[in-house]
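**Student:** Chains as they are written, first to last, in full-length UniProt numbering: chain L, 1 to 381; chain E, 1 to 126.
Please note that a few of the clues may not be correct.
Keeping only pairs whose Cα atoms sit at most 25 angstroms apart, straight-line, the calculated PhoX-like set for lysine-lysine is [claimed, not checked]:
1. L:Lys-224 / E:Lys-104
2. L:Lys-305 / L:Lys-346
3. L:Lys-193 / E:Lys-104
4. L:Lys-59 / L:Lys-103
5. E:Lys-68 / E:Lys-117
6. L:Lys-65 / E:Lys-22
7. E:Lys-104 / L:Lys-107
8. L:Lys-250 / L:Lys-224
9. L:Lys-57 / L:Lys-107
10. L:Lys-193 / L:Lys-143
11. L:Lys-85 / E:Lys-23
12. E:Lys-3 / E:Lys-122
13. L:Lys-139 / L:Lys-224
14. L:Lys-65 / E:Lys-23
15. L:Lys-350 / L:Lys-380
16. E:Lys-104 / L:Lys-166
17. L:Lys-85 / E:Lys-104
18. L:Lys-65 / E:Lys-104
19. L:Lys-85 / L:Lys-166
20. E:Lys-117 / E:Lys-22
No lab work stands behind these hints, which were simulated from the structure alone.
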Amino acid sequence: MGIEFSVSNYLHDLYISRLSSHPLYIFLSLFIALFCVIGIAEVLIYIFFRRGKEFYKRKRDADLKERIITMLANILVFNDHDDPKVVVSHFLPRFSRLPLYRKSIRKILVAELSNNHANFSGRSAEVLTELYLQLNLDKRARKNLNSRQWDKQIEAIRELTEMSIKDECDKVLKFTDAKHPQLRIEAQIAFVKLCADNPFRFLDTVKEPILDWHQLILFEVITKAETMARPRFAYWLNSANDSVVSFCLKFVEYYQQFDALPNLIYLLNHYNLKIRGAAIEILGRMEAEMAESHLVAVYPHQPQKIKEKILNTLGLIASGGCLSFLTSQAKSKEFPLRLAALRAIKAHRKDGREMLDTLYNEGVLQDRAIIKHILDGRIKA
Amino acid sequence: MTKVLIIEDEELMIKALEFRLKKDGYDVHLARDGAQGIEKLNSDSFDLVITDIMMPFVSGLEVVSHIKSNPMMKETPVIVLSSIGLERVVMEAFELGVDDFITKPFNLGELVIRVKKFVRQKDVFN
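Generate coordinates for the entire structure from the input sequences, incorporating the hints supplied.
**Tutor:** Below is the structure:
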């Protein structure tokens with residue numbers, strides 16, 4: 001108590017009794033110190049109230065979240081034969097009593113609906129979609145599709161996709177060619193998921209590149225969708241958009257679409273070396289015997305990397321029809337080509353082995369060393 | 001009354017399963033993660049276990065391994081629910097002795113039918 005009194009007396013003395021007798025700099029310093037102390041106190045009070053408010057809000061939202069989850073669980077426990085519309089209209093009054101005008105509550109409900117829509121199929125999923133629509137929760141997402149902010153557009157696209165709202169396909173199609181790469185990929189994924197009747201329609205119109213990482217994501221989405229009808233991907237192999245061509249090449253190989261072989265052969269003259277190389281590799285992996293003569297025909301005009309790919313492909317096809325061509329290339333002055341040709345000959349099994357023996361006997365010391373290297377089973381290509 | 005243990009960390013999923021199975025007359029017990037599930041399995045006996053795979057602390061596959069390696073409970077049928085439909089995961093689960101594997105998304109009605117099938121089998125066996 002004594003200390004308290006002396007501190008208050010000291011402050012009283014400092015700020016009131018002796019204020020006028022202080023020099024100017026002390027006078028100013030005192031006021032600055034006072035200002036800072038009051039400022040800090042105000043900030044602390046503000047933080048304290050803010051935290052209290054946040055705590056209260058979080059607790060209230062957690063309670064509401066629990067209530068929402070219980071309500072959603074209840075709506076899912078219905079007879080399997082009931083019409084989703086009937087089920088939802090029975091529970092709708094309870095949901096309508098929720099303070100959905102509050103953004104945070106609407107957000108919780110939408111998050112629970114969309115997260116759990118992915119967990120259920122059949123009637124349960126239909127009921128969740130129906131509830132989403134009857135509560136008009138789709139209104140905001142549909143509005144945000146027209147927003148100028150790409151993050152809001154992405155959020156809207158995701159939400160509508162998760163809730164299987166298929167009537168916005170045309171709008172989503174528009175975004176599949178958006179300038180913003182993130183928006184573009186989200187729209188492409190959404191389009192593939194939503195427009196089940198023609199999920200690859202966007203490939204007809206897309207002018208922006210489908211980036212490599214977009215291709216990876218889309219590939220996963222498409223190959224995991226069990227019910228999706230697979231189109232004839234050769235249709236897009238003559239697209240003016242090179243990324244569409246390289247994207248479809250992956251599917252031609254994945255789904256082993258042999259009717260696309262003539263289109264792959266056509267790509268041997270593609271101006272883009274990446275596409276040309278990919279087509280050559282796929283022809284090899286699909287063991288397209290019909291492509292051998294075309295590969296040999298285009299070989300002389302190719303850069304070395306493509307020539308190597310052609311030789312590797314001939315090794316994968318290994319029909320025996322190109323052994324003499326491979327033998328001629330085994331004498332090439334370019335070491336990588338010689339190596340690739342010898343490997344391709346080796347892939348011809350018995351005939352190849354005989355040819356390698358002949359080359360070994362005919363060859364000079366260096367050739368023999370290469371052939372020995374090729375024939376060494378411990379060395380992987 | 002048939003005792004079913006549901007081990008699942010997603011709140012809506014666990015509640016929906018609980019309400020649905022209770023509606024069909026099962027005695028439902030809940031565990032919010034694998035560790036809690038193992039705790040309940042050690043302290044009580046169940047006629048059927050439904051477990052998720054991806055859970056905090058202890059995974060569903062570890063729970064399955066715990067059940068199937070314990071002579072006292074290895075006969076308990078286990079249904080695994082998972083959003084990971086990877087062949088490798090499915091095979092690992094079956095190798096551990098899982099009785100059924102359901103990939104999310106799934107139909108709640110279908111799950112109930114499968115639960116009934118296992119309960120019926122157990123009754124016949126007993």
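**Student:** Give a verdict on every hint.
**Tutor:** Consistency of the hints with the structure:
1. Annotation: proposed proximity of Lys-224 of chain L to Lys-104 of chain E holds, straight-line Cα distance about 13 angstroms (limit 25 angstroms).
2. With a CA separation close to 20 angstroms, the supplied pair Lys-305 of chain L and Lys-346 of chain L stays within the 25 angstroms bound.
3. About 16 angstroms separates the Cα atoms of Lys-193 of chain L and Lys-104 of chain E, which keeps this hinted pair within 25 angstroms; it holds.
4. The hinted pair formed by Lys-59 of chain L and Lys-103 of chain L meets the criterion: a straight-line CA distance of about 16 angstroms does not exceed 25 angstroms.
5. Of the pairs offered as hints, the one joining Lys-68 of chain E and Lys-117 of chain E holds, with about 20 angstroms between alpha carbons and a cut-off of 25 angstroms not exceeded.
6. Restraint check: the Cα-Cα separation between Lys-65 of chain L and Lys-22 of chain E comes to about 22 angstroms, which is no more than 25 angstroms; the hinted pair holds.
7. The suggested pairing of Lys-104 of chain E with Lys-107 of chain L holds, with an alpha-carbon distance near 24 angstroms, which does not exceed 25 angstroms.
8. Taking the CA atoms of Lys-250 of chain L and Lys-224 of chain L, the gap is near 15 angstroms; set against the 25 angstroms cutoff, the hint holds.
9. Using a Cα cut-off of 25 angstroms, the hinted pair Lys-57 of chain L and Lys-107 of chain L holds, with the two alpha carbons roughly 14 angstroms apart.
10. Between the alpha carbons of Lys-193 of chain L and Lys-143 of chain L the distance comes to roughly 21 angstroms, so the proposed pair stays at or under 25 angstroms and holds.
11. Restraint check for Lys-85 of chain L and Lys-23 of chain E: the C-alpha separation of about 21 angstroms stays at or below 25 angstroms, so the hint holds.
12. Proximity of Lys-3 of chain E to Lys-122 of chain E is assessed by CA-CA distance (about 12 angstroms); at most 25 angstroms being required, the pair is judged to hold.
13. Straight-line distance between C-alpha atoms of Lys-139 of chain L and Lys-224 of chain L comes to about 30 angstroms, which puts the hinted pair past the 25 angstroms bound.
14. Proposed proximity of Lys-65 of chain L and Lys-23 of chain E is supported: the alpha carbons are some 23 angstroms apart, at most 25 angstroms.
15. As the CA atoms of Lys-350 of chain L and Lys-380 of chain L are separated by approximately 19 angstroms, the hinted pair is consistent with the 25 angstroms bound.
16. A distance of roughly 21 angstroms separates the Cα atoms of Lys-104 of chain E and Lys-166 of chain L; the hinted pair therefore holds under the 25 angstroms criterion.
17. Using a Cα cut-off of 25 angstroms, the hinted pair Lys-85 of chain L and Lys-104 of chain E holds, with the two alpha carbons roughly 24 angstroms apart.
18. Between Lys-65 of chain L and Lys-104 of chain E the alpha-carbon distance is near 23 angstroms, which keeps this suggested pair within the 25 angstroms criterion.
19. Distance check on the hinted pair: Lys-85 of chain L and Lys-166 of chain L sit about 17 angstroms apart at the alpha-carbon level, within 25 angstroms; holds.
20. With a CA separation close to 16 angstroms, the supplied pair Lys-117 of chain E and Lys-22 of chain E stays within the 25 angstroms bound.
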